[in-house]
Every structure is written in C-alpha cells, then in structure tokens.
Amino acid sequence: MPGTVQSIERAAAVLRLLAGGNGRLSLGEIARSLDLAKGTTHGILRTLRKVGFVEQDRLSGHYQLGAAMLRLGTGYLDVNELRSRSINWADPLASRSGEAVRIGTVLDGQVLVVHHVFRPDDTFQTLDVGSLLPMHATALGKSLLAYGAAPPASLDRFTSRTIGTQRELAQALRLVRENGWSCDIEELTPGEASVAAPIRAYGGLVVGAIGISGHVERLCDSRYHPLPHLVATVRDAARAVSRDLGAARR
Amino acid sequence: MTERYVVAIDQGTTSTRCIVFDRRGQLVSLAQQEHKQYYPRPGWVEHDAAEIWRNVERLGPEALRRAGATIDQVAAVGIANQRETTVLWDRATGNPVGHAVVWQDTRTDTMVGQLDAAPGAEGVRHRSALPLATYFSGPRIRWMLDHHPGLRERAERGEVLFGTMETWLIWNLTGGLHVTDVTNASRTLLLDVHTLDWSAESLAFFGIPRAMLPEVRPSIGVFGTATAAFPGVRIGAALGDQQAALFGQTCFAPGEAKCTYGTGSFLLLNTGAELVRSTHGLLSTVAYQIEGEPAAYALEGSIAITGSLVQWFRDQLELIASAPEIETLARTVTDNGGCYIVPAFSGLYAPYWRSEARGVIVGLTSYITKGHLARAVLEASAWQTREVVDAMNADSGLALKTLRVDGGMTSDNLLMQFVADVLDVPVVRPLAAETVSLGAAYGAGLAVGYWPDLEGLRQNWHRAGQWLPTMEPAKRESEYANWQRAVSRTFDWIQA
Numbered sequence: 651m652p653g654t655v656q657s658i659e660r661a662a663a664v665l666r667l668l669a670g671g672n673g674r675l676s677l678g679e680i681a682r683s684l685d686l687a688k689g690t691t692h693g694i695l696r697t698l699r700k701v702g703f704v705e706q707d708r709l710s711g712h713y714q715l716g717a718a719m720l721r722l723g724t725g726y727l728d729v730n731e732l733r734s735r736s737i738n739w740a741d742p743l744a745s746r747s748g749e750a751v752r753i754g755t756v757l758d759g760q761v762l763v764v765h766h767v768f769r770p771d772d773t774f775q776t777l778d779v780g781s782l783l784p785m786h787a788t789a790l791g792k793s794l795l796a797y798g799a800a801p802p803a804s805l806d807r808f809t810s811r812t813i814g815t816q817r818e819l820a821q822a823l824r825l826v827r828e829n830g831w832s833c834d835i836e837e838l839t840p841g842e843a844s845v846a847a848p849i850r851a852y853g854g855l856v857v858g859a860i861g862i863s864g865h866v867e868r869l870c871d872s873r874y875h876p877l878p879h880l881v882a883t884v885r886d887a888a889r890a891v892s893r894d895l896g897a898a899r900r
Numbered sequence: 130m131t132e133r134y135v136v137a138i139d140q141g142t143t144s145t146r147c148i149v150f151d152r153r154g155q156l157v158s159l160a161q162q163e164h165k166q167y168y169p170r171p172g173w174v175e176h177d178a179a180e181i182w183r184n185v186e187r188l189g190p191e192a193l194r195r196a197g198a199t200i201d202q203v204a205a206v207g208i209a210n211q212r213e214t215t216v217l218w219d220r221a222t223g224n225p226v227g228h229a230v231v232w233q234d235t236r237t238d239t240m241v242g243q244l245d246a247a248p249g250a251e252g253v254r255h256r257s258a259l260p261l262a263t264y265f266s267g268p269r270i271r272w273m274l275d276h277h278p279g280l281r282e283r284a285e286r287g288e289v290l291f292g293t294m295e296t297w298l299i300w301n302l303t304g305g306l307h308v309t310d311v312t313n314a315s316r317t318l319l320l321d322v323h324t325l326d327w328s329a330e331s332l333a334f335f336g337i338p339r340a341m342l343p344e345v346r347p348s349i350g351v352f353g354t355a356t357a358a359f360p361g362v363r364i365g366a367a368l369g370d371q372q373a374a375l376f377g378q379t380c381f382a383p384g385e386a387k388c389t390y391g392t393g394s395f396l397l398l399n400t401g402a403e404l405v406r407s408t409h410g411l412l413s414t415v416a417y418q419i420e421g422e423p424a425a426y427a428l429e430g431s432i433a434i435t436g437s438l439v440q441w442f443r444d445q446l447e448l449i450a451s452a453p454e455i456e457t458l459a460r461t462v463t464d465n466g467g468c469y470i471v472p473a474f475s476g477l478y479a480p481y482w483r484s485e486a487r488g489v490i491v492g493l494t495s496y497i498t499k500g501h502l503a504r505a506v507l508e509a510s511a512w513q514t515r516e517v518v519d520a521m522n523a524d525s526g527l528a529l530k531t532l533r534v535d536g537g538m539t540s541d542n543l544l545m546q547f548v549a550d551v552l553d554v555p556v557v558r559p560l561a562a563e564t565v566s567l568g569a570a571y572g573a574g575l576a577v578g579y580w581p582d583l584e585g586l587r588q589n590w591h592r593a594g595q596w597l598p599t600m601e602p603a604k605r606e607s608e609y610a611n612w613q614r615a616v617s618r619t620f621d622w623i624q625a
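Residue numbers (my numbering), protein chains in the order written: chain A, 651 to 900; chain B, 130 to 625.
Just so you know, the hints here were simulated from the structure itself, not pulled from any lab data.
Treat the numbers as computed from the prediction; the structure is a model and nothing was measured.
For glycine and all other residues, C-beta sits at the position ideal for the given N, C-alpha and C.
Hints should not be assumed to be uniformly reliable.
[Unchecked claim] Not the full set, but computed from the structure, chain B residues with beta-carbon under 8 angstroms of chain A: (1) 156; (2) 453; (3) 454; (4) 457; (5) 561; (6) 562; (7) 563; (8) 592; (9) 595; (10) 596.
[Unchecked claim] Computed list of lysine to aspartate or glutamate pairs in DMTMM-like fashion (alpha-carbon distance at most 20 angstroms, straight line): (11) B:530 - B:447; (12) B:165 - B:175; (13) B:604 - B:519; (14) B:499 - B:447; (15) B:499 - A:728; (16) B:530 - A:728.
[Claimed, not checked] So these bits of chain B aren't anywhere near chain A, every CB distance computed over 10 angstroms: (17) 155; (18) 187; (19) 202; (20) 219; (21) 223; (22) 240; (23) 271; (24) 282; (25) 283; (26) 286; (27) 303; (28) 408; (29) 445; (30) 542; (31) 594; (32) 623.
Only chain A is shown next, with the shape it has when bound in the complex (with noise of 0.2 angstroms):
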C-alpha cells in the first residue's frame, strides 16, 4: 500500500486488539496477536501511551484503552462490508476444496457466522449466515480466539472430543498460533471437520475467519489430521481477502 505509514497501521491494530480484548494485555499479548516483534510493539505502545490513548497499569505492567480513546468510538470492519470484501475469494476456496465455506467474525463470546457459500455439489443446502457457532468447538472459533478475541467463560460440550478446560484450550490455540491454522475435528458434530485461518486486515489485526467444513473422512487423512492441500488452500483464501483488506503480505 504505497503513500502509506506501517506504524500508524500498526498502532490503529493495538487499539482495535485492547478494544475488543477483555481489559488488559501485556506486551508479549499484543506483539503475538498481532505477529509482531516485542521491540516494535513497545515503540508503539510509547507512543501510543504519550498521547493517551494507552494507558499502563502501574502494578502489572499490563496495557489497555486510555480515556481518550472512548471519545473515538469503537467500529470495527461492519460484519456486510466484510462478507462484501470476501465473497470473491470464499467462491474459489469451496471450488478447490469442495467443501462448504463460511466466514465468520466475533459476537458477544461466540462465532457469527457472515457468509456462508453451498457445497458446490448441488445437493439441497441451506444458508446460515446470521447463525451463530460456539467459539472452541470450531476451527472458524479458534482463529478468533488465538488472535485476541476473549475466551468464553463456560466451556460447553457437544462432543467427546470436544475442549473441556481452559487449559486444553490455551494449548490449542498456542498450537494455532504457530501453525496460522485452525482445525476441529469431531468437536462440535461427530463425523464433521473443519479447517479455518485467520483474516487480517491493516496492521495484522484479525477482524474474521474463513474456513471449510466437511465430513472427517474427506478432510483429514487416517490419522484424523487435516489434509496439508486443503489446509494450504484455506490459509491462500485467507491469505488474498486479508491483502484486500490491506493486511500486508507475509
């Protein structure tokens, strides 16, 4: 994005990320979410502090919104304008993958789900889109999570291989971090996957998740993990609705 300043994206994406988080983060919090260096994030959060729209709690060290960010109101990427933005690149995805794909963003703790294209196999499907997913039993959900969407309190059920603890949960999403990618495999619906990567926009700030849904047996090998082509062609779709979003590529 040329005529443009990076750490002006940057700094925006913090604000966003402490908005929509649950309080405070530390530095380390902000610079993984945000797949930034350490030394970066703290020039920032400076910055950021000096003209108070951050400020520092004395005790933990830990950051959140300054008192002159509530003036500024807080409108993340509207939820049409996303799915507007992402439709061409969610049509492909199911092509490749002959899958179902959906895109889904953050709702008061739980997935809403913004756009929703047909298994193109032209067997009757219907349209979900306003419908909403719980946030750990999904791969759409764990995308979310592991960028800064906060958890949610209870941790329910659906199935035996569902995530039961906050623990489990932290270690998944840690493994999604360093992967880029999310998968549940039986967690919601037994016989059902899914496979998802994060959305991005400017400064890296994760604003949705796209992903795939399917049968076990068509997603994932015999090992029950998720084919490395199909988790490949979600993080390209991913990949291209975030560049159009001004994420920048990486």
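Got chain A; can you put chain B on it based on the hints?
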C-alpha cells in the same frame, strides 16, 4: 499443456478489471482500476477513452503477475464491456475525438424526441427491435457529428472511426483492427437484427456514414491477436457486459434467465434462435453468436438505478460509510415503516420507459428513521425486478421458475431474500459471482478450444447460495400495490 488460464477484460462503467480464470472457471487473480467520471453538465456523463486504454495496458500484466502466470500460459483473452458508450477516434493517430459519451448520458433527449416522430422511425424500430431512446449509441454518434465542426466530413472520408468500448479496446490491443460484435452492435439502433449487419436505411435515417463503422463479427470466435497488453494472445470473444453475464451464468437454453445487480440491474432471458418482440416494454437483443452458428436472442429488462441508489445513499446523503453497510442499517428495523423510494433519477427504464419521471420518497411520517430509508432503498431494487419479471412472463408466455443472480449486490443477504419474497421464486447465486468476466472468459476459451463445448461450461456451474421465498402472499400483494402507487407518483414530473 502450458496454456493454463483465460483472461477477461471487464471494461465497466466505473472501473476496468482484468481477471484471470482457471479451467474450472474459478477466479485466480484480479486487478482493478477505477476511471474518472466527467459530468460537464446536468444529464451529461463522459469517460476518457485514452485513460481506459491506459488502465487496460497496466491491469493486464498486473493481473498475470498476481496469478503468478506468464503470458504464454494464457490461452485467450475475452472482453466484456459497458454497452452503448460511444467513442470516436482519429484513424491515423488513434486519439479519441473528445470524451466518450456514456450510456447514462441524456444529452440526445431532444434530438431523439424529434427523430422518434420523423418519417422512417418505424423502420428503425422494426429493424433494430429497439425503441428510439437516448440509451443507445446511434443518436450519440449523430450528436457528436453535429457538434464537432468538420467531423462529419472526416467521418465520411473514413478518417474518424466509431466504436463502443470493445471496438476501442480491440483497436488498441491489435494495433488497428476495427471490429465489433453482434451484441454490442445490437445496441446502436443501427443494426438489422435479422441480417446481423448494419442497416443502410437506419444509417441514412440517423445521417451516419458507413465508413466510420466497424465490421460486425460473431461474439465468440477469434477476432485477432493482441500486440499490446497481452502480446501474442488471441482475442477470442467480445460481448456486451449483460450478455456476457448471461453466458457466464450458462443460460444457454431458451427460458433461462439471470439478473445482474450492479450500478443498474439487467434481467436477460434467453429466447433461443427466435427474436421475441416485446409488447411490455422490454428490449429484444442479441444474446450471443458463436462463429459458424446462428445467433441466440434475448429479452432484456433494464433497470437504471439499483446499486447506484445505494451509492447515492452513501455519497449524497452520507448515511452510511460504505455500500455494504446499507444492510447493517436496514437491519436496525423490521420493515419499511410505510416508506417507499422510487429512484427515477433519470426517468424510468423497463417496463415504463418514461424519461420525464423523477424520483420520489413517499410515505414519510415522523416515525421514519434512516433504517426505514435503508430498507426502502433495498426494496426498490427488488420491486423493480418484480416489474421486469412480470413483463417478461407476459411477453414469453412462460412463468419464471428460478432467478439466477450475480453482481456485487448479491452479497447483500437482506436484498436477495427480499427479491425471492417479492418474486415468489427461488433466487440462486452461482459459485462465481463475477459472471460478467466469466462470460467473456468462457467465450474466449470456447473460441480457442480451451473449453470443448457449452456442455463443458455447464459442468462448471454450481449453486453457491439460495434464498427461498417466505413472504405471506397477502403481504406481497399489498406491498406491491403500494410500490406501484409510489411509482405512479413519479410520472410527468419534468414538464416540456
């Protein structure tokens, strides 16, 4: 095989796009650039054709770069273009004569009114299967010849050439090939839709010299080989954008229809090898012609203002920051609150064709919020679709069973549900929303054998989304009656 892709140039009203497609008809990469809109006087709309060509020259290589493709991997390039926009240029220098006059431009209003009453007008209407209206290219050529001193003489000597956008682009791509396709030619009022060639009588009626017109070719067939932008690649297709969308939706059989929701909206119904003359205000047009085969025809219902009403809501009223936010705002309320907006900004197109109508907002009370206005904006697009579908059903004697939709506004779920509700038929979105570009790509790929036949293309079509009607019949009828009363309030606003 090294040829892995087909490229489409979609030269639209507000922007130009180059899109790379793979063999499954899926979008691989896209490069887009808006161009400047000139509004020199009320009712006038112009483009700089030279700027548009420069954009194509830049976007072509950019799209290939983004796909990671090389030029020798491109099997063919196809063109879909904004229709009826009129370009004149100097044969020797290739420089445009003034700005291109855009399809929305109404400067020929008075002249068209006079021509419509002149002897010979009936013959023009019969041969072109179109009404005399400012919408089409022929009157614009006449206007330019009348208003640029010395231009008529130069046109008669063949020194000044006419083209719609695809002609201008092919001229520049090939370094001087002067051709058009039957779909674009069928929008000039100058073509005889039965012989598919320029009508000498119609040319005489408008006073347009034959020497300035391009050769009319089938839409699908090799036009020539590009020397610029895509050097060495064959140009396999050129189609007007709406005909391209019909082709991209694989509406190859009579009775199949699609509606493209863009700035304006365009519903086309394939009528097969038979030209159906409308008695309900629709246009008869050429759908496409594959080289060596007879032409397929279509009935077309054009709606001037749909997406542009949302743009007006965004840019002029500033009630939303981006077009998709209209859905967010509309969802803050559960109905229109009794408010209707009829966007007859430059008159009404099908099925009314009333140029003297102007827009209204009716049913205003102190109860109405911006959310109700947002609903009324979206509902206007759906009701206008209903009016065109009713006309089409009456003309063709068939009831539409399913509507295939495409275009940017199909990302608006509230609108698509409302279209299904007011039409009372399922509304289906295909897996490729970019059907205009896809149609151009399909045509080009077909021409060079990249795809074998129409059946092969049909295999690529898949349902990506579907909206089923849920509205109560009584509600549908009362709302439709309200809409029609609102429309009647727009008539006779501009007085002669």
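Holds or violated: is there a CB of chain A closer than 8 angstroms to the CB of residue 596 (chain B)?
Given a least distance of 7 angstroms, the restraint on residue 596 (chain B) holds.
Residue 530 (chain B) and residue 728 (chain A): Cα distance at most 20 angstroms?
34 angstroms, violated
Taking only the CA atoms, is the gap from residue 499 (chain B) to residue 728 (chain A) under or equal to 20 angstroms?
17 angstroms, holds
Using Cβ atoms only, decide whether residue 595 (chain B) comes closer than 8 angstroms to chain A, and label the hint accordingly.
Check passed: Cβ of residue 595 (chain B) comes within 7 angstroms of chain A, closer than 8 angstroms.
Non-interface claim for residue 623 (chain B): all C-beta distances to chain A beyond 10 angstroms?
35 angstroms, holds
If I take the minimum Cβ distance from residue 542 (chain B) to any residue of chain A, is it greater than 10 angstroms?
5 angstroms, violated
Between the alpha carbons of residue 165 (chain B) and residue 175 (chain B), is the straight-line distance 20 angstroms or under?
9 angstroms, holds
Would you check whether the claim that residue 271 (chain B) is not at the interface survives, using Cβ distances to chain A and the 10 angstroms cut-off?
Check passes; 40 angstroms lies beyond 10 angstroms.
Given a cut of 8 angstroms on the nearest C-beta pair, is the interface hint for residue 592 (chain B) held or broken against chain A?
Hint on residue 592 (chain B): holds, closest Cβ of chain A at ~5 angstroms, below 8 angstroms.
Please work out if residue 604 (chain B) and residue 519 (chain B) have their alpha carbons no farther apart than 20 angstroms.
Cα-Cα ~18 angstroms, so holds.
With a cut-off of 20 angstroms on the C-alpha distance, tell me whether residue 530 (chain B) and residue 447 (chain B) pass.
Given that 20 angstroms is the threshold and the Cα spacing comes to 38 angstroms, the pair is violated.
Please verify that the nearest CB of chain A lies beyond 10 angstroms from residue 445 (chain B)'s CB.
20 angstroms, holds
Consistency with the previously given hints fails for numbers 11, 16, 17, 30 and 31, ordered from lowest to highest.
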